[in-house]
Structure formats: structure tokens, C-alpha cells
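Using the sequences and the hints, build the whole thing.
There are 2 protein chains.
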Amino acid sequence: MSAPDYDVFATQCPSRETLEVVTSRWGTLTLAALHEGERLRFGELRRRIDGISDKMLSQTLKQLEARGLVTRTAQDSSAAHVDYALTAEGRTVATAVIALVQSVYRVQPALG
Amino acid sequence: MSAPDYDVFATQCPSRETLEVVTSRWGTLTLAALHEGERLRFGELRRRIDGISDKMLSQTLKQLEARGLVTRTAQDSSAAHVDYALTAEGRTVATAVIALVQSVYRVQPALG
DNA sequence: CGGCATCCGAATGGATACTG
DNA sequence: CAGTATCCATTCGGATGCCG
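These protein sequences, in sequence, are chains A and B. Heads up: the first sequence at position 17 corresponds to 39 in this note's numbering, and the numbers run straight through without jumps. Heads up: the second sequence at position 101 corresponds to 123 in this note's numbering, and the numbers run straight through without jumps.
Calculated from the structure, these hints are not laboratory results. A few of these clues could be false.
Note: identical chains are not told apart, hence a pair may lie in one copy or across any two.
List time: in silico SDA-like cross-link candidates among lysine to any residue, alpha-carbon distance up to 25 Å [claimed, not checked]: (1) 84 with 68; (2) 84 with 134; (3) 77 with 33; (4) 84 with 38; (5) 77 with 65; (6) 77 with 48.
Dropping the structure here:
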């Protein structure tokens, strides 16, 4: 049951790529938002994540989906009702992201 | 003693900026490396973080230092011996970064 | 509402060369 | 060893417009 030896410090390690998707400019906030909402619409995400554009939200969601961290579900055939949720793996990572955010809150008073 | 209400989702919140420095392309790996080494030289960091260039390492260290997460110490007056270490706040955040990396390791087998 | 396509300026970041 | 400076390609990412 031992996992393969991953090493984020090595460029060729798949974990490095995953980390980069997770810690990409909007990836972190998107995962954090999905961890709160558990099932959100595109517009809800855009409103929640201050400053993100349609293009970047769309791109970020695709990357997260391609990496298996997020699922996209269309309610009907049209594109009118689509929502996003975390996969089991996404939840695991998003929980750690939330903890990271909270660690920032904890030190922020000391940083000005 | 309640901390101010921070919100990373808001562009104008200082915690958002801190999070961006922490989760910048090389910031995460630099913090992770410093958490392992506790006191590392420039060259040690560069060798540890595969793929980083002098320029980016230098720039990332400056950002982390400016944010109060890292300290820079020159042994003598020349620039021959300099090392970097985490501040107390840096250690707090770096610990959460390590946890994030480990969460990636945990899910990586399922992601291919 | 939930996108995609295009344009284009701004920022990122690597390579290389150089310095104390 | 620990950077700095310059050049330059790539990428980022916002604005706009269009579509089902």
C-alpha cells in the first residue's frame, strides 16, 4: 500500500504539476470557494471570488476538472444550468487549502 | 483579542496579498524547502527547488522577506555567506504548506 | 446564465552575461 | 557564492463581443 515516492521539488514529478494547478493564482480561491459551497454555479463562483474574470474562472475550472479535483454537471442539455463540485480528491486538497488560508489569517495581524 | 475579519476572497484584504505571495509559483516550494532546512543558503535552495532560476529565487525570497515570512542573514560584510530562515509567522504558514503538499501526495495516486 | 473567441497590453520568467 | 542586469519569448489575463 506504499504510495509511489512523490517529490514536489522535482520538475518531472506529477505531484509538482498538481501542486501548481492547486496553487495557481485562482486555483486556491476556487477550491476554497467550492469547499464552502459544496456545489456552486459558475455565476456564484464568479461573485464569490472577487476580481476573477469569466475567462480565468472558466480556465481554472477546466484545469481543476482535468486534474480530477472538480466535477462539472450540466442540469439540462443547454448550458443554462451547470454546477461545480469537488471530487473526493478535491475535497482532500481543498481542506488543506482552507487550513492554509486560516494559517494566513492567524499570522496576518503580525504582518501588518 | 479577536482578530480583524480577514477575507481572502476580497481583493482589498491584506490576507489576499499574503496568500498570493505564499501560493505564487515558487513561493510554495521555497517555503516548503525552508521548512525542511530551517536555515539554508541561496545555492542550497536553488539546488533543492528543481527548475527555479537565480532570478526567480531572488525575487521570491525578496517577496517573502518583505512580507515578514523569511529573514535574510549575511554572515560577513561580503555577499559570500548569506542564509535564509523562516520567521515565526513563516513557520506557521510553511507548516500549512507542508500539509497541503502532503494532501497532494495522498490524492496523487488517484489522479494518475 | 454559462460560456467561447479574439485581441492585445502587461506581467512572468528563462537564458545569458556580468559583478563584488 | 550570491546575487544583478539585460534581453526576449511566453504566458497571463482583462475587455469586448457573440452565442445557445
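Treating 25 Å as the Cα threshold, decide for residue 84 and residue 38: within, between, both or neither. For residue 84 and residue 38, both the intra-copy (18 Å) and inter-copy (23 Å) Cα distances are at most 25 Å.
Residue 77 and residue 48: within-copy, between-copy, both or neither at 25 Å Cα: both (11 Å within a copy, 24 Å between copies)
Status of residue 33 relative to residue 77 across identical chains (alpha carbons, at most 25 Å): Between. Shortest inter-copy distance 18 Å satisfies the 25 Å Cα cut-off; intra-copy 27 Å does not.
Check residue 77 against residue 65 for me: Cα-Cα at most 25 Å, and say if that holds within a copy, between copies, both or neither. within (12 Å within a copy, 38 Å between copies)
Please sort residue 84 with residue 68 into within, between, both or neither, judging by C-alpha distance up to 25 Å. within (14 Å within a copy, 32 Å between copies)
Copy assignment of residue 84 with residue 134, given that the CA separation must stay at most 25 Å: Between copies only: 17 Å across chains, 35 Å inside a chain, cut-off 25 Å.
The structure shown violates none of the earlier numbered hints.
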